[in-house]
Every structure is written in structure tokens, then in C-alpha cells.
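Peer 1: So the sequences go chain by chain: A and B.
Reminder that position 99 of the first sequence reads as 99 in our numbering, one-by-one numbering, no gaps.
Reminder that position 37 of the second sequence reads as 37 in our numbering, one-by-one numbering, no gaps.
The hints are simulated quantities; they were obtained by calculation from the structure and are not laboratory data.
Even for Gly, the Cβ is constructed at its ideal location relative to N, Cα and C.
Check each hint, because a few of them may be wrong.
[Stated by the list, open to error] Some, not all, of what chain B presents toward chain A, calculated at C-beta under 10 Å: (1) R18; (2) L72; (3) T76; (4) R80.
[Unchecked claim] FRET-style restraints, in silico, Cβ to Cβ: (5) B:T7 to A:P260: 30 to 40 Å; (6) B:G26 to A:A213: 26 to 36 Å; (7) A:D313 to B:V133: 49 to 59 Å; (8) B:Q9 to A:E291: 23 to 33 Å; (9) B:Q9 to A:A213: 18 to 28 Å; (10) B:T7 to A:R10: 20 to 30 Å; (11) A:A136 to B:G169: 35 to 45 Å; (12) A:G204 to B:E66: 30 to 40 Å; (13) A:H78 to B:S4: 54 to 64 Å; (14) A:S49 to B:P6: 51 to 61 Å; (15) B:A105 to A:A255: 35 to 45 Å; (16) B:T7 to A:A234: 54 to 64 Å; (17) B:F177 to A:P107: 34 to 44 Å.
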Amino acid sequence: MIHGDPIIARIRESRPLSPTLKRLVLEPADGAPLPPAAPGAHVTLRLKSAGRAWNNAYSLVSEPGRRDRYEIIVRRVHASRGGSAHIHDTLAPGDLIDLSAPINLFPPAASARRHLLIGGGVGVTPLMSFPPLLRALRAPFELHQVCSAAERGVFEALLSPHGPDVHIHVGRGAIDLPGILERQPLGTHVFVCGPEALMEAVTGAAAAAGWPASSVHQESFAAASGAPFTAVLARSGRRIAVAGNQSLLEALEAAGVDAPSLCRGGACGECMIGVLDGAPDHRDHYLSGPERAGGALIMTCVSRARTPALVLDL
Amino acid sequence: MSKSRPTYQPLKPDPTGRRHLLVIEGPPAAPGDREGFDETWVAAPGSPVSAAVAMRAFPTVQALHEALEARLSGETMGFRLYAEGSEAFVWDVFRRAQDAGMGRAEVFLRHVGAPVRRVYCVHCGTLNEGVAVNLVECQGCRASLGVRDHFSRRLSAFLGVQADAETPGVLPAAEAFAG
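Produce the complete structure using the sequences and hints provided.
Peer 2: What follows is the structure in C-alpha cells.
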């Protein structure tokens, strides 16, 4: 389930930024003001096509607080669950789509003296709404974007308006993460969003430099695809097939199960369900080490199974 | 005991930190107690200023605070600060650490010594140092203050409120602080 009534939005603009990136401008279908969104917020698009449904979360890159439009950037992901391809190939200006009200699980840190923002590829989108706020507050920040050579121009154009403290690095080898983390003054908080390997590199370098965990923030919108498996609902005995290109949460939703969810990125813990049998393949950022090892809990939005079946406490 | 009343643990270096500075009010303890700290600074009244890196002595608490402020302004992430001494001293250190941007996960405090309190008079704002009992005459306005168990981390002090406000001259019995 998604919290609250959906907002019906009309696609006002769908503009390619690169062969795989599209910027969508969404406006309220009824013209009423949209709920205000704070920096770091995302919305969940409810997409439907030919019998399939997706609930995909995208960060808002529009100016924070703007109520006449939401803007998102969508990467077309090959061999994924198919929602992004639907957005790229099928949706056109004028189409109506349902979306959730904005949810913010990745806000700037009020107590931070300095924000160190590190993005990887299109993962930079939740960070794009930070600089306007930080500049207005005269709060120091620096933004580092890691991307491919082909997309350097795209991200330069998107990020350079945020001022001189924006640095673009082509390839992860081009960024000196230990050096950047070691020289930050007291009171700095780091925010990273991007591919799993980049987030691990940043959190690892931060820990090696002695950063407390409470000053390190990450958000992922990882695809949850993998080997197919079967979810067994213990209370009803129902067996639900989870396809390889579908998340466990999506399979539950498609079967009409009222499963909890919020961030859909393995960060918030809302979708946690008890596991009674089978071994989860944990891909979230929420459970602690001992909880992972225990295997009694799963985040349905990103995690999968290492056994052919998982028996869920549902 | 009120929830605002801090509790303290023995100090040991936080394994997640990279550089560890321990500041102590009063005479230094045995060296064996200080293993794992990169530096120890001590405010020992009357001691000469020493420039040794590992063990630095300051003639006054104020001199230590000034050196600490200078140090914190140039420090980087990975630094951990530890303070040991009277409750007023360790929370004064905490406030300076906060002013420098440090969070609760980066500062560790331990109160040692006599259970005396710094008492903030809510009527005149005077800070009364070294109060050992729960009834004290304010140094500023001469009010008879009852010392509450409420501790202000911002002021590094317990709050003192006029004890005979209802009926002037009628005061509860004074009791020494237990700890």
C-alpha cells in the first residue's frame, strides 16, 4: 500500500537529456496546488501497462517548495523491471499518471555545519534539491558527481548552476574519496546516493577516516531484480510467484496483498516483514548486521531469496 | 532522579575515531589510566605551561578552554574529544565541542570528584559554583535557592529557584548531594 490518496498529474514535458535520461515535468491535472516538497523528497509513480504495474520512486529535482510542478529525471534501465522503459517509450506529454504525495527520507541535516554531497550517475537526483536550500541558508557545501565520460556534459549542465563548489569526476578512479573525507572540518555530514559500489566506497572511506555513522547518510533506489522465487504467505497458505524482473513487494502488490511500504529503496524499514522459513538475500540499508544474519526479517522492497521459497509472516 | 540528569561511564577511546584528545580538570591521574589517547591536556592550577605533545599542562581551566577552542576550529572529521572533571567543567567542554560542530557521538564526558553542582539562579542569572547542598543563598541576588535536579546542558548548570517564594522565611531542610 502507498500512504494517502494518489495525486493525478499530467505530463507537461518529457525531454531527453541523453540517450538514456529523460526529464519529466509533471503538473496537477486539476490545477490545484501540489503538496509542497522539501529538499531530498521523492514521489512514487504508479505505472500500468498491458497487465503489469510498477510503483517506482523518483526524487524530485524541481525547486523545493514549488507547487505548480514536480520534475523528475528517469534513467532507462535495460533488463530491469520495465517501469523506466514504460516511461521512456510509452508515456507522452498530455498523459495522466497517479503519484504519491512527496515523502522525504533524505533531508539535509539541520545540525550540519557543512554538507558533503556525493552522487553517482542519475543517483545524484535526490541531492540536486539540496544546493538551492543550502545556498539560501548560506550553509557551506561541496558536491561531487561521479559519472561516465558520455554523460559528463549532461551532469555539468544540470549541476554547474549550483556554483563553484560542484566537481564532476569521470569514473570512480578519478575521485579521491579518502582525501575528500579526511579533510572535512568538524560538523560535516556526507550524503551519498548512487550505485551500490559507490555508496560502499564512500561509507567505507568515511569509517576509515573516523566519521561517526550518524554523520553518514545514504539513499539508494536500487533495482530489486534477480532470480525468481516463491513467496508463501503463512497465514493464508497463498503462494505468490516473484518474477526475476519484479520485486517481492511488487509481486505482493500485484497479488492484491496489502503489504506496507514507503521508500521502496531499502532505507526506511516500513516494509519489514517477518520470515518464518527460507533464507533472505538482504539488499537493504536498514537491518543491522545481527538482524541480517538472523534471517528472521526482510525488506520486501529490495530484498529477495537465496532459497527457492520464502515463508512470510503475512 | 530526573531524566535531564546526565549519567557517566569511564572514558576509553572510541574505536571508530581516528584522533583522541582527553582534557582533564585537576591533577592528572596515573599514566596507566590514559592508554589509547593520543594527547592528554590537564588544567592543573599553578602548573607551568608545557608544550609536550602527549601531555600538556595548563595553569588554569580558562587557559585550557582557550587552547581547546583554537584546536577545535582547525580539526577535521575523525576527531574524538573526551573530558573528565567536575560536572560544570565537562559540560563546558561539551558546549565548546558543539559550538565547533561536533555531535553527541564524538564527545565523551565523565564527571569525577565531589558531588558539587554549579547552580544557575533563575531570578538573576548568576552561576553559583561548587554548591554541595540543595539549599543555597544566591551570590547574585541573595535569594534562598532550592536546587532542582534539572540539569541544563546549555548552561552546564542545575537550576536554582527561590525556595521560600510561597511563605518568606519558611525553608525546607538542606541536604548534601549524594552524587
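Peer 1: Each hint needs a verdict: does it hold in this structure or not?
Peer 2: Hint-by-hint comparison with the structure:
1. Look at B:R18: its Cβ gets to within about 3 Å of chain A, closer than 10 Å, so that hint holds up.
2. Because the closest C-beta pair between B:L72 and chain A is about 6 Å apart, less than 10 Å, the hint holds.
3. For B:T76, the suggested interface contact is upheld, since its CB lies about 6 Å from the closest CB of chain A, less than 10 Å.
4. Interface restraint check for B:R80: the shortest CB-CB distance to chain A comes to about 7 Å, inside 10 Å, so the restraint holds.
5. Between B:T7 and A:P260 the Cβ separation comes to about 36 Å, which falls inside the hinted range of 30 to 40 Å.
6. Taken as a hint, the range 26 to 36 Å holds for the pair B:G26 and A:A213, whose Cβ atoms sit roughly 33 Å apart.
7. Judged by the Cβ atoms, the range 49 to 59 Å given for A:D313 and B:V133 holds: they are separated by roughly 57 Å.
8. Range check, B:Q9 to A:E291: Cβ separation about 26 Å, and the 23 to 33 Å hint holds.
9. Look at B:Q9 against A:A213: about 19 Å separates their beta carbons, and that is inside 18 to 28 Å.
10. At about 57 Å, the beta-carbon gap between B:T7 and A:R10 misses the expected band of 20 to 30 Å.
11. Look at A:A136 against B:G169: about 57 Å separates their beta carbons, and that is not inside 35 to 45 Å.
12. The hinted window of 30 to 40 Å between A:G204 and B:E66 holds, with their beta carbons roughly 37 Å apart.
13. One distance hint, 54 to 64 Å for the beta-carbon pair A:H78 and B:S4, holds here, with the actual separation near 57 Å.
14. Between A:S49 and B:P6, the C-beta spacing of about 58 Å keeps the proposed range 51 to 61 Å intact.
15. Distance hint for B:A105 and A:A255: a CB-CB separation of about 43 Å, consistent with the stated range 35 to 45 Å.
16. Between B:T7 and A:A234, the C-beta spacing of about 43 Å breaks the proposed range 54 to 64 Å.
17. Between B:F177 and A:P107 the beta carbon distance is about 42 Å. The supplied range of 34 to 44 Å therefore holds.
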